[in-house]
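**Q** Sequence:
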Amino acid sequence: MEALLEGLKAKREKDAEDAEIERQKELKKKELTRKASLGTTEVPSRMQEALEKFNQAAAAAGSAVSAVRVKKEEKDDASSLTPEEREKRSIKKKQVEYLQKLADERKQRQVDDDEKNELVRQKRAKVREEALLKHEAAKAEKLAAAAADESTSSQVVEVEEAKPKVNVEAMVSRLSKLKTSEAQLVPEAKDFTSWKKRNGVALETKVFCLTGWYPVIKETLEKRGWHHNPDRNSPYFDLKWALKSDDLKSVKLNDDQLVNHFLQNTAITTKSGLLHNLRKYATQSYYMYFRYIHAEGMLKRLGDKCRNANAMPHVNAGVLDVLLSVCRKRQEILPDDILDNPLACGTDAIHMLFNWGAI
1 MEALLEGLKA
11 KREKDAEDAE
21 IERQKELKKK
31 ELTRKASLGT
41 TEVPSRMQEA
51 LEKFNQAAAA
61 AGSAVSAVRV
71 KKEEKDDASS
81 LTPEEREKRS
91 IKKKQVEYLQ
101 KLADERKQRQ
111 VDDDEKNELV
121 RQKRAKVREE
131 ALLKHEAAKA
141 EKLAAAAADE
151 STSSQVVEVE
161 EAKPKVNVEA
171 MVSRLSKLKT
181 SEAQLVPEAK
191 DFTSWKKRNG
201 VALETKVFCL
211 TGWYPVIKET
221 LEKRGWHHNP
231 DRNSPYFDLK
241 WALKSDDLKS
251 VKLNDDQLVN
261 HFLQNTAITT
271 KSGLLHNLRK
281 YATQSYYMYF
291 RYIHAEGMLK
301 RLGDKCRNAN
311 AMPHVNAGVL
321 DVLLSVCRKR
331 QEILPDDILD
341 NPLACGTDAI
351 HMLFNWGAI
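Its first residue numbered 1, the sequence shown is counted upward by one per residue in full-length UniProt numbering.
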């Protein structure tokens, strides 16, 4: 592996050197072409260096002379200026120096940023090159592994072909016969009682089954002593809980079996049914309230007549008894177990209708 990586790296370095040599040749060729087009002759390297040095010295001397001249002019001007003008000039000079400092800092930051970008670019190029080398090495290893797998698979195929073949049909028929014999050994229960005995359930224990995932219902029933029948299609249960009513269409119920769905249940299981019932109940409640108020008003009028009249007014004893009964019924406090008593449901309304007919 390492030898392969070293070989690939050396090859890439050689390619890079060849490319650099070609680039230098192209640059030299372009330079010669440019000089030939301008009609100039190449100056010897020593003369060119001497000329560059002379130009640099002249530039330095010129800058020094100009600096001396500027200082002399500043002194002459300073001697002829007023204090206010001198102060303004010093402020302007400081501003120029500050701006020059900012420009130098900006240039330095630009240089630093360029150096950082160059380093990042070099690192990325190096990482890219290493990744490419690793990819090529992995590709070579994969090819070698594929070749080894092909040879191994061919050997395995030869070994499998040499083994005796299994008769699948005979195996399937044997397993089916075994399953049939096992089913015959464990016959189905004849009735609910035999099913409870076979599954170790007490005769007085209630049994339920579920056709959906209801963990809360299952835990609640088990806490109350019920037994869970895991077979969804079993006919042996006291309560069957299903998600949809369609799951119970094929179930034939006995008189002692219950399900959580019944016919025409939209009156309490849909929004429209609940709304209709509430509206109907509101109307009935209004009728009952009106009758109570009417009976109370008749009693109050009778009391006023009795207080204002000297003699006792003639009153129908039956009507008075009905009025008192209706008012007592309104003041009556219902017991807590009224909801659990099926004989107490609806008797007040019927009694009220009979009494109202008498009024």
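The set of hints was computed from the structure by calculation and includes no laboratory data.
A few of these clues could be false.
Have a look at the derived ranges for each label pair, beta carbon to beta carbon [said to hold, decoys possible]:
| hint | residue 1 | residue 2 | range |
| --- | --- | --- | --- |
| 1 | L258 | V319 | 31 to 37 Å |
| 2 | L99 | H135 | 49 to 55 Å |
| 3 | V96 | K11 | 21 to 27 Å |
| 4 | E97 | A125 | 52 to 58 Å |
| 5 | K123 | K11 | 20 to 26 Å |
| 6 | R224 | R330 | 55 to 61 Å |
Using N, Cα and C, we set each Cβ at its ideal position, and we do this for glycine too.
**Q** Now look at each hint and say whether the structure bears it out.
**A** Hint check results:
1. Under the hint 31 to 37 Å, the C-beta atoms of L258 and V319, about 48 Å apart, miss the expected range.
2. Under the hint 49 to 55 Å, the C-beta atoms of L99 and H135, about 53 Å apart, fit the expected range.
3. At about 58 Å, the CB distance of V96 to K11 disagrees with the hint of 21 to 27 Å.
4. E97 and A125 have their C-beta atoms about 42 Å apart, which leaves the hinted 52 to 58 Å range violated.
5. Against the hinted window of 20 to 26 Å, the Cβ-Cβ separation of K123 and K11 comes to about 22 Å, which satisfies the hint.
6. Judged by the Cβ atoms, the range 55 to 61 Å given for R224 and R330 is violated: they are separated by roughly 39 Å.
Against the hints set out earlier in the document, violations occur for numbers 1, 3, 4 and 6.
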